[in-house]
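Line by line, the protein sequences give chains A and B. With this note's numbering, the residue at position 319 of the first sequence is 319, and numbering never jumps. With this note's numbering, the residue at position 305 of the second sequence is 1305, and numbering never jumps.
These are calculated hints, taken from the structure and not from any lab test. Note that CB positions come from ideal geometry on N, CA and C, so glycine has one too.
Ranges of calculated distance between the beta carbons of each label pair, as one might list FRET restraints:
hint	chain 1	residue 1	chain 2	residue 2	range
1	B	P1138	A	A382	39 to 49 Å
2	A	T197	B	R1302	57 to 67 Å
3	B	V1095	A	D235	35 to 45 Å
4	B	G1160	A	S276	16 to 26 Å
5	A	P405	B	F1075	31 to 41 Å
6	A	P405	B	V1107	53 to 63 Å
7	B	G1160	A	A175	23 to 33 Å
8	A	L177	B	P1138	43 to 53 Å
9	A	A174	B	P1121	53 to 63 Å
10	B	L1088	A	T178	52 to 62 Å
11	A	T232	B	I1291	36 to 46 Å
12	B	R1123	A	K193	49 to 59 Å
13	B	W1147	A	N54	12 to 22 Å
Here is how the chains run, residue by residue.
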Amino acid sequence: MTTRTMWRFGVPAAVTAGVMTLAACSGAGTGGGGEATAGGDGGESVELTLATVNNPQMKDMEELKSTFESEHPDIKVKFVQMEEGDLRAAVTADVASGAGQYDIVTVGAYEVPQWAQLGWLTNLSPALEADADYDVADLFPAVTDALSVDGDLYAVPFYGESSILMYNKDLFEAAGLTMPDHPTWTEVADFAKQLKTDDTAGICLRGKPGWGDLFAPLTTVVNTFGGQWYDTNWDAQVDAQPFQDAVNFYVDLLADAGQSDPVSYSFTECLNLVQSSKAAMWYDASVAASILEDESTSAVAGSMGYVHAPVEKTTESGWLWSWNLAVPNTTKNQVAAETFVKWATSKEYQQLVGETLGWTRVPPGARVSTYSIPEYEEAAAAFAPLTLDVMNAVDPKMPGVSPQPWVGVQYVTIPEFQDVGNQVAQLVADAIAGRTTVEDALAKGQTIAQEAGDKQK
Amino acid sequence: MAAISSVKATSDTHNGPDVEYEKRRRFNRRVSRGLVAPALIFSIALTQIPFVVTIIFSTLNWNQLRPDEIRFAGFQNFVEVFTGGDFLPALWSTVLITSSSVILSLVFGLFLAILLDRKFPGRAAARTLAITPFLVMPAAAALIWKWSILDVNVGMLNWGLGLIGIDPVAWNTDLPVVTIVMLLTWQYTPFFMLILLAGLQSQNREVLEAASVDGAGAVRTFRAMTLPHLRQYAEISTLLGTVMLVQVFDPIAIMTKGTGGTKTLSYLLYERAFIGLDVGQAAAFGVVTVIVTIGIATIALRTMFKVFVDGEVK
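Pulled out of the complex, with its shape left as it was, chain B reads as follows (with noise of 0.2 Å):
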């Protein structure tokens, strides 16, 4: 629309049409800042209401089972929150927990989009069965691996660690994080081998034929043309991955029930919410939760976007 004016205003040296134009450009203008204020209120509405609410939650006092004692609080909940030695382990939590399991499932993806991106028969079925446990609901998930894989007496695991002459182990209790990691780890590490592989899939065959004739070996070739060139796949994996395991729940309310230091902030907030019925403080961990991850994500986000400018400039 700016190059259409500019060329009328040229063209029209003439007071009357100008003005003319100058309307209709208003009124065009309305028109579609009209087309677009439905979407625009929509998403405002459907994201930054429930946020602005659960602000306005946050400074009550607030127990569901206590209904005639509903009152402003003031800061009350965000003391308690500080307070109540409850928020940093689950901070802490939740970065080992996210980060252990990120970390886990970008090498064995790694691992398995290599292994899949060779030609054999019956890539597609393996193909498929690799992405399988991508695809299983979180809370199934959680309970084969409770009743199936990792039970003291039945399990498929501490079986298989008898045939080598260990003792069965008691996962849930005696290592809860490595448990949950440990199942985190299965479920995402297709997600990461998903996007890993398109990326080996884009790499340039030719190039890669260059540096063989070159007289590269197969380790050499890996390292100086397929790594660099997966960096920004892995990079996005891991913002991806980040995300979703962040809010991970289901395992822990499954298997351990935020035992041994598998209270994350999730679970956290869910305990808060729906056991003890506490909706003020719950909102208050809710609206600190916010705030911390929009800091940590910052943060990420930055460091991170320097490597994809790194990348590029290459």
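This is chain A alone, in the form it adopts within the complex (with noise of 0.2 Å):
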């Protein structure tokens, strides 16, 4: 071979597998497609195709499906499940391109008014409202504020969550010390410092970089410390001294006597550390407990104690997240996808889960009725009354000490957001691991969300 053969042969190689890295990430938004369906309203028969993330809750829904097609025999429902990451792109391409093959998607509660102004989902006002059975008014409020475009129900929330707090009651005990109700920060770094060991972290909080990882707790421990993203004229705040100092907090505080290797840690780490005793307190969603209190797979089951979230100047700090499910514009069967949609989030179907699956499998945090359900409230007494509690004090609207342009706890409601949540996520955890300051790091972070800011004005 020559120089001039190898040249030519070397040249039309790169240029191929530059095109197939940018191929292939292309291809990753795309995957998972349902098929077109079949029928209209008014035809014989319909097939739902319904785009979901592939939690537990979601799985209990498939597993019962088939209540719902015997009660409504000309509509079947397919299920597409995917990750959380691919569901949002997969969503995202197909309801902003308008293709139409999914009729309902499960929508976080960050993308549901964003989606909704964009005019890519149904109002189900109409649809709720005319239904008296279908007791609007019984869904929490503050989930349902989230997901309201001027007063209009974009989705329908299928469960709810916040943040609490937990701990492991066996290691406060061996400590001598008692956990308040009501615990400030200053509190609990205290405890944690006290509890901390070789071996054992006195506080596991996530440090994995993203806008819903790092970002989802340490947003609301922002919120406490009187900080926030954007004041009400969208100008960022993040190197105002009330988001540096809650930054910083939460750095010492991993430093002191939080988990080794942060930078690794979220809800799924945490889990296991907390289940192996390895870990005293928790700061998480309050969709843990349940797990944490499943018999048949946690070690601490009966020994861990719950509280609320801890505050600063707030006299609450959860966050609120929901999963919901909304029905696209395009479909062409929106009837058929309301009926569903409705008996998903309906008291009945949380009776049928109860009885045919367990009740602590009632899909929570949607329904302020599941609360008084006296099989829920048996099964669930370690966490429920706290949940119930903890989910009609947060307040959306304001959940720091300023107002703010947005409805949110944890997160903005902007496009921009899980870009610059994701960005200023990795500069933190640059300074977790030291290898930045918490002042530079939020230095840059307030270029980056200025950016986005500049755009909303």
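Now that you have both chains on their own, put them together as the hints suggest.
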């Protein structure tokens, strides 16, 4: 081979390699599609395609869909289950391009108001209010607030959650400490330092970079320290003193009394640590309590205590998240889709789950009446009253001490936020690892956040 | 066909058949072109259309969540690529992670190949085991490393360090680049080993025997005979290994999430496209990445090629 032939071989190969990298990236977003749906509203039989996250509660829904199908013989429901990230990409691509392969989608609380404003989702209020049995008023107001645009509901919560502080009662007893019902972060940091030993973390906190990982709990800390992402003029407040205080507190707490290797840790990792009694406290999603109390899989069932999210300057500090069912505007089967959405979020569905699958598996945090079902109260006695309390107390319109121009606790409902949150999380992770200071990280974060804020003005 | 036509041209002196022959030749050429065309069009469509589309996307202002603001933006995206401050660090991370992994894999691969070239009982089983890391899915490998090997509490590596009195290391937090390079080296060493082993086995045993008869020791034989022989194999494995390692994504997405200097170009591109949802900017990053890759590949291939020629001359 001569230089020329090698050169001729080399360049197309390099070009192809580059193109394939791109193609591989763009391909990831389009996977997991369903077939076109058959029939229309007036047709004989309708097959609905439902795109959903592969959470346990959604798998339960798929298990029970035959009950719906026997009640509505003309409607079949096909489930397409995906990882959270894949679902977001697939549904965004489908809805944004108007492809219309999904009749029902599960959408996170972060996206619902944005997609509703873009006109991608069907207004569900008329259908829900027309049905007196459905009882819209029974849905948690804090949750529906976050899903509404101008008073109209564009998605229905399937289950909701807040964040709580969980602690190991055995470790607290052994150290002679008592956890108050409404702890402050200062108290929690104090406990954590006393409980920290060589092989036990005082507290487990998420450190994995990502707007939904690290910044879910961290934003609630920022809120209660008096900080916020944006003020009412959409000016970024990331390098403001309260934001800095909060992040410094979080980073110091991790360094002094947190788990080792914090950047690896998010929900699942902390869950493992707590289940093996290697963390005395854990601040995370309330849904964790039901997993920790499951006697068949958890070694700490019965020895955990649950209290309100720690606060500093606010009275409550829990976050608010819900997975919701929405009907994209592009569906050809709107009526059938609404029928299924109503069924899956009805009181009857909760009874059905309790009776066939067990009462601990009832989707929590969507309906107030869930918490007065006697069987559920008994099965979830350790954490249900607290969850009810917290879900009623959080205020997504003003979670911190200052007013904010969006509705949401641990996220900002602008398209740029997942990008901003992610980049700032990476900077903070560098601060956690000691590669940079919190001050430097947040100074860079301010620039990133301000760019996104300017687009809202 | 050229040979036939010259034979015909010399044997046929008449004008008529010559014209007829010319016609047939043209017809033949048309047929063969027609036969090749589908494959050619297919490969052009498959490789070049996505690239052209990417270039078009790179000139648009297009965020997926702002469908009402899609418009032509000229070179704005490219300006952002170079002024945003993400590109050069990502390029450096890519070069650092790729080159360290390739060099380490080459060294370990050579070592393993030499060991496995010897005859010993259970050699077939040992070879199969040594290849296994390369056969594991990258995402699965990253999860195994994250949970079973590097975990601070229950990881095997930290347990091993504990035995010799070293405190557990928070690999992912404190040493992200080392973590990724370690995993990639583990995963790609078998690939280098396979190619180098093929090289070792193609070596002429008689030459080695002759060397030992002439009184050359094992080290001398290895340095003077085996290493030069392996040179081409090392170069090919380095080239192929680099091509594969440059696009590594899974361990970064699963373990470090791009922190601490592990944000390579492929991860950065993913972030712009699927977290930033900024199609235009992601495409611009893609185009620049391709241009830079071509540049580096050209230089690398040219210098490497000299080495190939030298090897052949010897």
